[in-house]
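These protein sequence lines map, in sequence, to chains P, H and S.
Each residue of the first sequence is one higher than the one before, starting from 1 at the first, in my numbering.
Each residue of the second sequence is one higher than the one before, starting from 1 at the first, in my numbering.
Each residue of the third sequence is one higher than the one before, starting from 1 at the first, in my numbering.
Note that these hints are calculated values from the structure, not bench results.
One should not assume that every hint holds.
[Said to hold, decoys possible] One-sided excerpt, in silico: chain H residues whose CB lies under 8 Å from chain P:
no. : residue
1   : Ser26
2   : Ser100
3   : Arg180
4   : Ile181
5   : Leu186
6   : Leu188
7   : Thr189
8   : His191
9   : Ala192
10  : Trp195
11  : Leu199
12  : Glu201
13  : Ala203
14  : Gly204
15  : Ile205
[Unchecked claim] Computed list of chain S residues with no C-beta within reach of chain H, every gap over 12 Å:
no. : residue
16  : Ala6
17  : Phe58
18  : Gly94
19  : His120
20  : Arg136
21  : Met150
22  : Gln187
23  : Ala246
Yeah, the Cβ is synthetic: ideal placement off N, Cα and C, and Gly gets one too.
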Amino acid sequence: MNVTSSILSVRDLGMSFGGVKAVDGLSLSVERGAIHGLIGPNGAGKTTTFNVISGYYTPSEGEVLFQGDRISGLPMYEVARRGVVRTFQHSTLFAEMTVLENALVGTHLAHRPKLAAAVAGLDKRDRNAALEKARAALDYFGLLSTADSRAGDLSHGHQRALGLAVAMASGPEVLLLDEPFTGMNPEETRTMMGLMEKLRDSGRTILIVEHDMRAIMGLCDRITVMNFGKLLTHGRPHEIRSHPEVISAYLGSARNVA
Amino acid sequence: MPSQLTRAGLWLLLICMLLAVPHGLSFSQQEILVFLTINVLVVTSYRLLALTGEWSLGHVVIMGVGAYASALASKELGIAVPVAMITGALTAALVAFGLSYPLFRMKGFYFLIGSFAAGEIIRLLWKRFRDPFGGPKGIKKIEPMPDFDIVIWRFDFFEPVSYYYFCLVVVGLSLWIMWRIEKSPLGLTFHAIHWQDKLAESAGINVRAYKTLAFVIASGFSGLAGALLAHYIGTINPNSFDLEQMVFVLTWTIVGGTATFFGPILGCAALVILNEIVLREFGFEQGRPLIYGFVLILSVLFLPRGLEGLLQDFTGALRGRGRQGSRQ
Amino acid sequence: MIELLAQTGLNSLYAAAYLSLVAVGLVLIFGVMGVINFAHGELFMLGAYVVVALYSGFGVPYILVAAIGLIFVGCIGILMEFTIFRPLRDSPLGGLVASIGFLLIAQALVSMGFGVRMEHVPPVTQEVIVFSEKVRLPLQRLFVILAAVMFLSLLWIFLRRTRFGWALRASAQDAEAAALQGISIRQTSLIAMFVGAGLAGIAGVLTAPLISVGPHMGHAVIVAAFIVIIVGGIGSLEGAIVASVAYAFIHTIVTTFWDGVIADITGLSLMLLVLIVRPTGLFGTTDRA
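Isolated chain P, as found in the complex (with noise of 0.2 Å):
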């Protein structure tokens, strides 16, 4: 793998809680400019991976580095400065206020709040600037005819779209996605890919956590498989659609499920 592309990278990375591990010595490397997928039957690790990266967790062991700098034990809010933002899992978004107010949250890295400016009424050229910034995120997902709407009453298609748009709207070098395409509609989940790709296509870096494998292939350059808390292989979509102990891994754990 090319060293010098990477944007970001996991070394060595354990966790565990309560003596379990959940993860042990994961290594990956996401590219610049690329959709990365990490995947892997349930309980695999994926989702307390994502948790590390995004800093939610702090990780037992190992690194996670961005742009070379480590930001693994970063606060969540500080990884999100660095320039890491991540979304959640199902609808989590700010139900009770406007889509816009949703979008305008997420310019808050660019335009910090400022207490005497805003008493003394001098933010104008901030708040304005935050409003075409939220404005041009919510039109980018194709939710600007949604602004004043309560964001709890979208559907739940544009609601995923608005968690990416408040997402987009700090301006991340990097995009963390948590199971966007669960409990979607295949209509929908065609949108969403859309979007992904037109978001890659402008130059984010895209690490997409996902259980179904299905739709990922199609979308990702790069894809990481766990299993068991430990790196099984990565490689481009067709090497893993072929990948014997990934089929083994999926089917296992399938039968499992059975």
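Given the coordinates of chain P, assemble chains H and S onto it according to the supplied hints.
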């Protein structure tokens, strides 16, 4: 949407009404009006913290910090009363800043219990240290606001009307500042933290820092309210800021509803008027805690959005769009 | 010095006895229903006023008063469950706030009925066990200690050996799983409220002849109980008892060598410290926020 002109007219009308109110009242009612004005500042500042989703049981003690600091600054250090009041507000903000470190390691009712414990510690310190806090008897003969003249009006601060006008200006200004904060991106950040703190953090918001900011601002205004109170009544003691007072503030806020800026003010005004007019008229004044207890329980049970929500539903129904008010 | 320490030990044993009765009830209610009963000190106060009304007022035999106090305050607990905690089941903070409302009502009603001045209950017994000149234990205090041990043992047997106790422990551990097992949350909540409130009531009955009784006496008790349940790990009955003993000992020592207010400050600071270091308490495993 009212036009600029009608809005200005409404504001003018409100100001005229606020200025005219005390002249139709008896002396004791004027005094109550002063307390009501001060309490409006207390509940509004309380709501500012509640915006971030945290409920404190230490707010009234913080108000007391402002009262004690202002009283001591004028009495012991000879600082002029208006400056002492600002000192009181700043002290309260500073104490809140110090407390924020331990308290914001907690959330939800751990924060509630933690803020209660911190408040009790401060109250006990007042009780224990006769010098300078005066022990259980507190501080007496606090300097009153010095008299002064503005054009034709002589501000004689033994007159409740004069002090009411003074409070009106101070509280009005404070409310304006808090209103501006809430309507700014800062207010949006507080709301965001309330609804989804993890999502807010993923957008780069340092949740603890903003909670601390809300707590410090709220405490500063609460301290200012305490200072206003101290220099009016002239004597304060640890029991002036006990749990019962805190429960009154909690009741006003919950009864009014925290969804909008004016909810707690409405709750405060409604209950104080109910208390002073109804209870006093019927000679049932010691029944105040009883009434407050029932009102608190009933509003938690049946008015989840407070009086303000009720009013919204009502005006909404009048305008034929009652459904808008029914959103949670 | 040894004698002073022995006396302090006896005093703190007595304080630990009634404190643990109050705290265990509070923990039981929290465990089963997930709500902090802010009016728990007032239940203690009501227990004491049962003594004022019946024992000082009408001279009803003390043992009978104790039984009536337990049942009466237990029923007040059931009343609280029906009127506030059950309707507010989904909102622990709402339940807490409503219980503060209940606190005001209880204080106000008692103030109206009995007046706000302190009542002094005539002692049940004047006898004192004299160990040495400086170490003595009034019989009434011994009675409190023995009764607390008895009630806590009964509670233990009830929780470990009866079907109700099993249901209570199950729903304290995991309410949803318990519901799947066919345990009725309504039923366990009622039992928890009756037992929890009854324990606070009996603590009030037991201590009434030893302290001055007033409508606001619950405040000091609830503050101490909060300290104890937080330090003991909110949700842990054993932790509450251990913490009661430890807290009573520390409090009594500090009171003896410095003063009572410093002792209160020490306790509250200890609680804050525990909340900072480990928000779930020193013994606790339950994580509820």
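Structure-based check of all given hints:
1. With 8 Å as the threshold, the beta carbon of Ser26 of chain H stays out of range of chain P, its nearest partner Cβ sitting at about 38 Å, so the hint is violated.
2. The interface hint given for Ser100 of chain H is violated, since its Cβ lies 16 Å from the closest Cβ of chain P, which is over the 8 Å cut-off.
3. The beta carbon of Arg180 of chain H comes within 5 Å of a beta carbon in chain P, closer than 8 Å, and the hint placing it at the interface holds.
4. The interface hint given for Ile181 of chain H holds, since its Cβ lies 6 Å from the closest Cβ of chain P, which is under the 8 Å cut-off.
5. Checking Leu186 of chain H against chain P by beta carbon gives a least distance of about 4 Å; that is within 8 Å, so the hint holds.
6. For Leu188 of chain H, the interface hint holds, since its Cβ comes within 8 Å of a Cβ in chain P; the closest pair sits about 6 Å apart.
7. With a cut of 8 Å, the hint placing Thr189 of chain H at the interface with chain P holds, because the nearest CB-to-CB distance is about 6 Å.
8. Satisfaction of the interface hint for His191 of chain H is found here, the shortest Cβ-Cβ separation to chain P being roughly 6 Å, below the 8 Å cut-off.
9. Because the smallest distance between the Cβ of Ala192 of chain H and any Cβ of chain P comes to about 4 Å, under 8 Å, the interface hint for this residue holds.
10. The beta carbon of Trp195 of chain H comes within 5 Å of a beta carbon in chain P, closer than 8 Å, and the hint placing it at the interface holds.
11. At its closest, the beta carbon of Leu199 of chain H sits 5 Å from a beta carbon of chain P; the interface hint therefore holds under the 8 Å criterion.
12. The beta carbon of Glu201 of chain H comes within 5 Å of a beta carbon in chain P, closer than 8 Å, and the hint placing it at the interface holds.
13. Given the 8 Å rule on beta carbons, the hint for Ala203 of chain H holds: about 5 Å separates it from the nearest Cβ of chain P.
14. Checking Gly204 of chain H against chain P: minimum C-beta separation of about 4 Å stays under 8 Å; hint holds.
15. Among the interface hints, the one on Ile205 of chain H holds; its C-beta lies about 5 Å from the nearest C-beta in chain P, closer than the 8 Å criterion.
16. For Ala6 of chain S, the shortest C-beta to C-beta distance to chain H comes to about 28 Å, beyond the 12 Å cut-off, and the non-interface label holds.
17. Every beta carbon of chain H lies more than 12 Å from that of Phe58 of chain S, the smallest distance being close to 26 Å; the non-interface claim holds.
18. Not every C-beta of chain H lies more than 12 Å from that of Gly94 of chain S, the closest at about 5 Å, which undercuts listing it as non-interface.
19. His120 of chain S, annotated as away from the interface, keeps every beta carbon of chain H farther than 12 Å; the closest lies near 21 Å.
20. Distance check for Arg136 of chain S against chain H: the nearest CB is about 29 Å away, which clears 12 Å, and the non-interface claim stands.
21. Distance check on Met150 of chain S: its Cβ is at least 30 Å (rounded) from any Cβ of chain H, clearing the 12 Å threshold; non-interface status holds.
22. Distance to chain H confirms Gln187 of chain S as a non-interface residue, since its nearest Cβ pair spans about 22 Å, more than 12 Å.
23. Chain H leaves Ala246 of chain S outside its interface by the beta-carbon criterion, the shortest separation being 17 Å against a cut-off of 12 Å.
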